[in-house]
Amino acid sequence: MSSTTAAAPSTAETRTYLVRTLGCQMNVHDSERLAGLLEERGYLPVADVPEAAARATEAGDGGADVVIINTCSVRENAATRLFGNLGQLAAVKRERPGMQIAVGGCLAQQMREGIVEKAPWVDVVLGTHNLDVLPALLERARHNAEAQVEIEESLKVFPSTLPTRRESAYAAFVSISVGCNNTCTFCIVPHLRGKERDRRPGDVLAEVQAVVAQGAIEVTLLGQNVNSYGVGFGDRGAFAKLLRACGGVDGLERVRFTSPHPAAFTDDVIEAMASTPNVMPSLHMPLQSGSDTVLRAMRRSYRQAKYLGIIERVRAAIPDAAITTDIIVGFPGETEEDFRATLDVVEACRFSSAFTFQYSPRPGTPAADLPQVPAEVVAERYQRLAALQQRISTEENEAQVGRTVDVLVAEGEGRKDGATRRVTGRAADNRLVHAALPPGLPGENRPRPGDMVTVEVTHGAPHHLVADSALSGGTFAVRRTRAGDAWARREGLVDEPHSHGEPPSRPDGPSGFPRADGGTRPGAGSTGPAPAGRGWEAEADGRGRCGRGTACLRDRGRARRGPG
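Quick note: the sequence shown, position 299, residue 299 per our numbering, numbers continuous.
Hints are computed from structural coordinates only; laboratory data are not their basis. For glycine and all other residues, C-beta sits at the position ideal for the given N, C-alpha and C. Fair warning: there could be bad hints in the mix.
To be verified - For each label pair, taking beta carbons as the anchor points, the in silico distance ranges come out as:
id: 1; residue 1: Gly-473; residue 2: Thr-57; range: 44 to 54 Å
id: 2; residue 1: Asp-268; residue 2: Phe-83; range: 39 to 49 Å
id: 3; residue 1: Ala-477; residue 2: Glu-40; range: 35 to 45 Å
id: 4; residue 1: Lys-195; residue 2: Gly-418; range: 44 to 54 Å
id: 5; residue 1: Phe-355; residue 2: Phe-83; range: 21 to 31 Å
id: 6; residue 1: Lys-195; residue 2: Thr-293; range: 23 to 33 Å
id: 7; residue 1: Glu-146; residue 2: Arg-415; range: 34 to 44 Å
To be verified - Below, simulated SDA-like cross-link-like pairs (lysine to any residue); rule was C-alpha separation at most 20 Å, straight line:
id: 8; residue 1: Lys-306; residue 2: Ala-264
id: 9; residue 1: Lys-195; residue 2: Ser-259
id: 10; residue 1: Lys-416; residue 2: His-459
id: 11; residue 1: Lys-195; residue 2: Phe-158
id: 12; residue 1: Lys-306; residue 2: Thr-324
id: 13; residue 1: Lys-416; residue 2: Asp-468
id: 14; residue 1: Lys-306; residue 2: Glu-347
id: 15; residue 1: Lys-306; residue 2: Ala-317
id: 16; residue 1: Lys-416; residue 2: Arg-446
id: 17; residue 1: Lys-241; residue 2: Thr-258
id: 18; residue 1: Lys-306; residue 2: His-284
id: 19; residue 1: Lys-195; residue 2: Ser-301
id: 20; residue 1: Lys-241; residue 2: Asp-203
id: 21; residue 1: Lys-306; residue 2: Val-346
id: 22; residue 1: Lys-416; residue 2: Gly-443
id: 23; residue 1: Lys-306; residue 2: Ala-321
id: 24; residue 1: Lys-241; residue 2: Gly-251
id: 25; residue 1: Lys-306; residue 2: Asp-267
id: 26; residue 1: Lys-118; residue 2: Arg-94
id: 27; residue 1: Lys-241; residue 2: Val-231
id: 28; residue 1: Lys-195; residue 2: Asp-235
id: 29; residue 1: Lys-195; residue 2: Gln-25
id: 30; residue 1: Lys-416; residue 2: Pro-462
id: 31; residue 1: Lys-306; residue 2: Leu-343
id: 32; residue 1: Lys-306; residue 2: Asn-182
id: 33; residue 1: Lys-195; residue 2: Gly-364
id: 34; residue 1: Lys-241; residue 2: Glu-271
id: 35; residue 1: Lys-306; residue 2: Asp-344
id: 36; residue 1: Lys-195; residue 2: Glu-152
Take the sequences, apply the hints, and build the full model.
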């Protein structure tokens, strides 16, 4: 390996870090673990060290001593994007003695030593199965003055056992499984993430209790295929039981999950969603294609009729559910008839939104070796699908006008909030809502990230809702929450927790899962990892997202700057 690291100017206790995340929510959650590992070793988030953050450049280094890029390999341009980022960071590293660059995630698992061969200034490469080695690899690279590449072929340490610095004080990801047992011909993820491994229900619930005790009021359960949760320990009904058990966690107001698989999606999950009040009326159900021929070639073990049946039963049980999906256009062999079948399913399902992709071959997948659809045909079909979904999304969002919604205020989601005097967050069905504040609202009464606002929708756009009811004296109410308090404490705006009028505790019910302390109903008194914090950014679809707010919401006049 080539030499990569100059002598460090300081010890780990004074070194700063920035994690840049590319890809899915699983990667975001892994980045929280990487950040937790570094902070356990004394590294500081660069956003918390103003003199370091002040040296940030346009290369996306944030001014940090250590920059970690947590990669995704789903899209064809993933490698191009990574090496473009690394090229920009190389110039920064030449001017910053002791700076280190680490690459992790799915692309690192796939490319291994190839990353250092193409970018010899990279110090550390680690895969998806050994997040825990990051601090040791950084130290070894610094000591030996050469790159360290360490890739494991199977999971050694379950990520959920690692220290965590969570992105949000009010909402948390909780992993229920890692890996995937499916063999979709277009997907590289099972090869890079390994076979599915499930956590025990008691461990999952203990983590849910812990994050709620720290202030979170929303939890998203994560897995590559959440429906198959429980197969590993012999309980195919475990996921529905887990949803019901989350309904008994005091203080947990919103439960979401991603992603399910149509082949394994069962009616007991639909019933659990409908009957558990804190499970939100939103569902992401990947379609990929509406053609049975293409689904067979994709090795997706369901067909159009099964998919449409699931959507019909969900809408019957949960009429207000917002359903989203994933669709691939131009899979090898796709004909015009196949594509029209996809358009028919989209029209029938009326998704609130869809993540649509032009097929791109991924090396190492069976589909990459099949005859490809001409690029110009794929592009033309993609535009037709995008236009159809835009129309449906607009119509569905316009139908929300006049509805009263409860919005969990978020930080960093509304880039124009300061200029428009709005706050932004998610409604129960996960639609993005921009809500206006009443004119003259005192600063101490403004909702904080983690607080709830009740507003009336006044406009529906393709990708968001606008709720300007407060501007005309209409519906507007703020509920201060424990989550808002947790955000304020994290920002250093208050010292002690306050009590608020939280929703009443949910009644006991048969969850089917034991509590960590031996009881049958989860409580909120658990303790857990250190409080949530900052120090890394997330990127999705090429855009950066600040992990902190832009202004103090307690009327103290202090600007809060993001990490990059």
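Is it true that the CA of Lys-416 sits at most 20 Å from the CA of Gly-443? 18 Å, holds
Taking the CB of Glu-146 and the CB of Arg-415, does the distance hold inside 34 to 44 Å? 42 Å, holds
Holds or violated: Lys-306 to Asp-344, with C-alpha atoms at most 20 Å apart: Since the Cα atoms of Lys-306 and Asp-344 sit roughly 15 Å apart, the hinted pair holds (cutoff 20 Å).
Outcome of range test on Cβ distance (Ala-477, Glu-40; 35 to 45 Å): At 41 Å between Cβs, range holds.
Regarding Phe-355 and Phe-83, is the given constraint of 21 to 31 Å on their beta-carbon distance met? Since the Cβ atoms of Phe-355 and Phe-83 sit about 25 Å apart, the hinted range of 21 to 31 Å holds.
The hint says 23 to 33 Å between Lys-195 and Thr-293; measuring C-beta to C-beta, is that right? Holds, at about 28 Å.
Take the C-alpha atoms of Lys-416 and His-459, compute the straight-line distance between them, and say whether it is at most 20 Å. 17 Å, holds
Checking one constraint from the list: CA of Lys-241 to CA of Glu-271, max 20 Å. Satisfied? Measuring from Cα to Cα gives roughly 11 Å; hence the hint holds.
Consistency of beta-carbon spacing, Gly-418 to Lys-195, with hint 44 to 54 Å: 47 Å, holds
For the hint 44 to 54 Å, verify it against the beta carbon of Gly-473 and that of Thr-57. Given about 47 Å between the Cβ atoms, the range holds.
Need the status of pair Lys-241, Thr-258: alpha-carbon distance at most 20 Å? 16 Å, holds
Would you check the hint for Lys-195 and Glu-152, treating anything up to 20 Å between C-alpha atoms as holding? 13 Å, holds
Violated hints: none; the structure is consistent with every hint.
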